[in-house]
Amino acid sequence: MSHVTKPIPLGKIPVTFKERPWGCFSQYAFNQDCTVSLMTVKPGQRLSLQSHTARIPANARHRLTCTGPHSVRVLEIAFGNWQQSDITRYEDDYARAAAGE
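Just so we're aligned, residue -1 is where the sequence shown starts under the working numbering, counting upward by one.
There could be a bad hint or two in this list.
Claimed, not checked - Between beta-carbon pairs, the in silico distance windows are: (1) H68 <-> Y26: 21 to 27 Å; (2) P19 <-> S83: 14 to 20 Å; (3) P55 <-> G9: 35 to 41 Å; (4) P67 <-> F15: 22 to 28 Å; (5) G98 <-> G9: 29 to 35 Å; (6) G9 <-> G66: 34 to 40 Å; (7) S83 <-> D31: 19 to 25 Å; (8) C32 <-> S83: 14 to 20 Å; (9) L47 <-> K10: 35 to 41 Å; (10) L8 <-> T65: 38 to 44 Å; (11) T51 <-> I75: 15 to 21 Å; (12) E74 <-> A95: 17 to 23 Å; (13) P41 <-> A93: 18 to 24 Å.
Since the hints were made in silico from the structure, they are not lab data.
If you're wondering where the values come from, they're calculated on a predicted model, not measured in any experiment.
Every residue gets a Cβ at the ideal spot worked out from N, C-alpha and C, and that includes glycine.
Please take these sequences and the hints and turn them into a complete structure.
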């Protein structure tokens, strides 16, 4: 059996920080072998009721809510082609578009 390893990157890996009405997320890798994001949801906030075409499982409606007094953090690891544009929103507290980022 052979194992394929990749060299450790020489420089600092870029981190993308994105603000959202419900909180924020930092993305540590994007559409490489995987996409890694750390989401922070503020107390009393929630993401839209949403589904995706290729995640969680595909087309299943879901929502993340922070009901406690402190922010909640979620580490999301997605394999394959990961896009915010695959979101379909069914309910949204922030009046964002029904589809997309």
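Hint-by-hint comparison with the structure:
1. H68 <-> Y26: 21 to 27 Å: 22 Å Cβ-Cβ, so the 21 to 27 Å window holds.
2. P19 <-> S83: 14 to 20 Å: 18 Å, holds
3. P55 <-> G9: 35 to 41 Å: 36 Å Cβ-Cβ, so the 35 to 41 Å window holds.
4. P67 <-> F15: 22 to 28 Å: 24 Å, holds
5. G98 <-> G9: 29 to 35 Å: 32 Å, holds
6. G9 <-> G66: 34 to 40 Å: Since G9 and G66 have Cβ atoms about 38 Å apart, the given range 34 to 40 Å holds.
7. S83 <-> D31: 19 to 25 Å: 20 Å, holds
8. C32 <-> S83: 14 to 20 Å: 18 Å, holds
9. L47 <-> K10: 35 to 41 Å: 37 Å, holds
10. L8 <-> T65: 38 to 44 Å: 43 Å, holds
11. T51 <-> I75: 15 to 21 Å: Holds: the Cβ-Cβ distance is about 18 Å, inside 15 to 21 Å.
12. E74 <-> A95: 17 to 23 Å: 21 Å, holds
13. P41 <-> A93: 18 to 24 Å: Given range 18 to 24 Å: holds, Cβ gap about 21 Å.
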